[in-house]
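**Student:** Working from the sequences, and respecting the hints, build out all of it.
As you go down the protein sequences, you meet chains A and X in turn.
Quick note on my numbering: the first sequence kicks off at 1 and runs consecutively.
Quick note on my numbering: the second sequence kicks off at 1 and runs consecutively.
You may find that some hints are simply not true.
Covered stretches of chain A, going by a simulated chain X footprint (3 or more residues, C-beta under 8 Å) [as the list claims (entries may be wrong)]:
(1) 29–41
(2) 53–63
(3) 138–144
(4) 157–170
(5) 210–222
(6) 302–311
Not close to chain X: a few residues of chain A, all C-beta gaps over 10 Å, as computed [unchecked claim]:
(7) Gly114
(8) Leu179
(9) Ala196
(10) Gly244
(11) Lys291
(12) Asp334
(13) Tyr358
(14) Gln359
(15) Ala368
(16) Asn383
(17) Ile384
Which residues of chain X face chain A? A partial, calculated answer using Cβ under 10 Å [unchecked claim]:
(18) Asp46
(19) Gly50
(20) Gly77
Because the hints were derived from the structure by calculation, they are not lab data.
Please read these numbers as outputs of a predicted model, since none were measured by experiment.
Every residue gets a Cβ at the ideal spot worked out from N, C-alpha and C, and that includes glycine.
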Amino acid sequence: MKLSKEEKAMLAGERGPVPRIAMEHQVKVGTFFGAPDFVPVTQAHIMADTESLGESGVAWLEMLAAETKGDRTVRIPTITDPRGTDFTKSKKLGQQDWMVALERRAVAAFEKLGVSMTDTCINYQTVLAATRGEHVAFGDTGVVIYSNSVCGARSNFEGGPSALSAGITGRTPRYGYHLDERRRGTLHVRTSYTPASLNDWGALGGVVGKLAGTYWDVPIVEGLDRAPTSDELKHFGAAMASFGSVALFHLVGITPEAARLSDVAGKRMRKCAVGRKDVNALQKSYKVDEKVDVVVFSAPQLSIFELRALAQLCDGRKFKVPLLAVTSPQVKPDSDRFGYTQRIEAAGGTVYAGMCFYQSYAREIAEANGWKRLATNSAKMVNILGGYGYTPMLASMEQCVEAAQTGRLS
Amino acid sequence: MISTVKIHRKSKAAGKVLVARHAMGPRVSGEALVAKDGFSARYDLDRIAGIFSRPAHKLAGQSYVGKILVLDTAKGGVASAWMLAEMRSRDKVPLAIVFNTVNPILVQGAALGDITMMAGFDEDVTAAIPHGAQVEIDPARKTLRVL
Numbered sequence: 001m002k003l004s005k006e007e008k009a010m011l012a013g014e015r016g017p018v019p020r021i022a023m024e025h026q027v028k029v030g031t032f033f034g035a036p037d038f039v040p041v042t043q044a045h046i047m048a049d050t051e052s053l054g055e056s057g058v059a060w061l062e063m064l065a066a067e068t069k070g071d072r073t074v075r076i077p078t079i080t081d082p083r084g085t086d087f088t089k090s091k092k093l094g095q096q097d098w099m100v101a102l103e104r105r106a107v108a109a110f111e112k113l114g115v116s117m118t119d120t121c122i123n124y125q126t127v128l129a130a131t132r133g134e135h136v137a138f139g140d141t142g143v144v145i146y147s148n149s150v151c152g153a154r155s156n157f158e159g160g161p162s163a164l165s166a167g168i169t170g171r172t173p174r175y176g177y178h179l180d181e182r183r184r185g186t187l188h189v190r191t192s193y194t195p196a197s198l199n200d201w202g203a204l205g206g207v208v209g210k211l212a213g214t215y216w217d218v219p220i221v222e223g224l225d226r227a228p229t230s231d232e233l234k235h236f237g238a239a240m241a242s243f244g245s246v247a248l249f250h251l252v253g254i255t256p257e258a259a260r261l262s263d264v265a266g267k268r269m270r271k272c273a274v275g276r277k278d279v280n281a282l283q284k285s286y287k288v289d290e291k292v293d294v295v296v297f298s299a300p301q302l303s304i305f306e307l308r309a310l311a312q313l314c315d316g317r318k319f320k321v322p323l324l325a326v327t328s329p330q331v332k333p334d335s336d337r338f339g340y341t342q343r344i345e346a347a348g349g350t351v352y353a354g355m356c357f358y359q360s361y362a363r364e365i366a367e368a369n370g371w372k373r374l375a376t377n378s379a380k381m382v383n384i385l386g387g388y389g390y391t392p393m394l395a396s397m398e399q400c401v402e403a404a405q406t407g408r409l410s
Numbered sequence: 001m002i003s004t005v006k007i008h009r010k011s012k013a014a015g016k017v018l019v020a021r022h023a024m025g026p027r028v029s030g031e032a033l034v035a036k037d038g039f040s041a042r043y044d045l046d047r048i049a050g051i052f053s054r055p056a057h058k059l060a061g062q063s064y065v066g067k068i069l070v071l072d073t074a075k076g077g078v079a080s081a082w083m084l085a086e087m088r089s090r091d092k093v094p095l096a097i098v099f100n101t102v103n104p105i106l107v108q109g110a111a112l113g114d115i116t117m118m119a120g121f122d123e124d125v126t127a128a129i130p131h132g133a134q135v136e137i138d139p140a141r142k143t144l145r146v147l
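**Tutor:** Quick look at the structure:
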């Protein structure tokens, strides 16, 4: 990689051990992918729940945070993905003290490094959306695909160590979706179906993600009969990223780089057609039981509009099984202020903030609470939770709320 | 670019050498666990037990510890960037991971966890390497050799 004078100084340790460690990591990754140089970035977003970090990851953060020589804090605005708990409700989740203690250690280390603990995976709805052409280093697949596709920003998937490194150095290796040539379509999908519900949007994203199949595939979708909302695109993109590792899609006539198909069409594109039957088939593949142990709305965190819709559905009900609704620390105060939290909790649900269900020791809380059969409207979550021992089932928000009341998914 | 060169005729695949476009980490040799399937440390593994745990995964129930995983592609989930280093700290880690196509997350995880990784071949690596074969990976030369 061609390095600037400042980058060479960081790599040589002239700015202290923390920038040196960050730069060494970035050069290793950039060299693997053949990046010619670095590109300056304006924001970084770090995924770092402690189930992923483990003791060793937290110790690594503490090692960086304890450094007294040279620059230790981030150079650019650097924020965080959800934590592994809602500190006010960890007991209700069935989490153990050591999990919360590990979370507190990670938070303390991040704060010493100058990181802002936003604890959200919907920063594009709640903190500061990136703009078209803005180079960023974002670290949640849902955040990256939304920012790249809907906002027109430029980011690769930056895992925790790389996003933190980008925050510290203010740059990232220039490869992948920072390059014009990588942003052109590789798969042309014609859809005959425009979903109406969030679970259907997620399922369509999952279908397209499976067709794409790799990080380097860029689906172009044509045929939607209207512009989706931010929440619909949130579920669509998060599921596509989860099922297919996809980081960028274009919707012809809708997303900013794809006013016309020719603006984003690649030279050799595979062609596919999808429809309602594909969306239904994906959802049916997860519907294996009628009984439900827990209902979860999460992944991504809920917007204020999703909480509003959920509160309306909860009115007048009494739940038989736990219902968890997870949102960001930025949205929760508004949910409280508007009375949505109280209406959901009056029915027996619980509103959590600053965490995400699958990032919160999902296996351990399943064992602690006797949860196995889980209903959700998140296609992303059903794709993930099988590996944690759950039997996840995908249904609409309405069906999930009904299941919380009856214990059965219709 | 490249290339498959048959060096020995001990078996159909023995002596086969594949060259990758991307490689990093120390030189290693060991048993290959091969499947035409994806990989995510978060979605697919029971990292405490050291086995593939997602029921639909083609290697479900098998231990990955100390094995050279030869898989099709890296799947979603940024957590793998931390998890590979965490798995290394408990010695519940694969010896190396080889992909047809990799995503940045797994590369970032391999960089932090000092795990050998290789990706980008001119043929389907999951078809070229027999399940259970002894293989050697030399990242400096970007070669994968069936022993």
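**Student:** Counting residues of the region 157–170 of chain A with a beta carbon closer than 8 Å to any beta carbon of chain X, are there 3 or more?
**Tutor:** holds (count 6)
**Student:** Do at least three Cβ atoms from the region 138–144 of chain A come closer than 8 Å to Cβ atoms of chain X?
**Tutor:** Coverage by chain X holds here, the residue count being 3 at a Cβ distance below 8 Å.
**Student:** Run the C-beta distances from Leu179(A) to all of chain X and say if the shortest one exceeds 10 Å.
**Tutor:** Leu179(A) clear of chain X: closest Cβ-Cβ about 13 Å, beyond 10 Å.
**Student:** Report holds if the minimum CB distance from Tyr358(A) to chain X is greater than 10 Å, and violated otherwise.
**Tutor:** violated, 8 Å
**Student:** Count residues of the region 210–222 of chain A with a Cβ under 8 Å from any Cβ of chain X, then say if the count reaches three.
**Tutor:** holds (count 4)
**Student:** For Gln359(A), is the shortest CB-to-CB distance to chain X above 10 Å, so the non-interface label stands?
**Tutor:** Per Cβ check, Gln359(A) is inside 10 Å of chain X; nearest 8 Å; violated.
**Student:** Does the CB of Asp46(X) sit less than 10 Å away from some CB of chain A?
**Tutor:** holds, 8 Å
**Student:** Is the coverage entry for the region 53–63 of chain A by chain X consistent with the three-residue Cβ rule at 8 Å?
**Tutor:** holds (count 6)
**Student:** A cut-off of 10 Å on Cβ-Cβ distance, and Gly244(A) was said to be off the interface with chain X. Does that hold?
**Tutor:** Check fails; 7 Å does not lie beyond 10 Å.
**Student:** Lys291(A) clear of chain X by more than 10 Å, beta carbon to beta carbon?
**Tutor:** Nearest chain X Cβ is 19 Å from Lys291(A), so the label holds.
**Student:** Count the residues of the region 29–41 of chain A whose Cβ falls closer than 8 Å to any Cβ of chain X, and tell me whether that reaches three.
**Tutor:** holds (count 5)
**Student:** Can Gly77(X) be said to touch chain A, with a Cβ gap under 10 Å?
**Tutor:** holds, 7 Å
Figure legend: structure checked against the earlier numbered hints; hints not met, in rising order: 6, 10, 13, 14, 16, 17 and 19.
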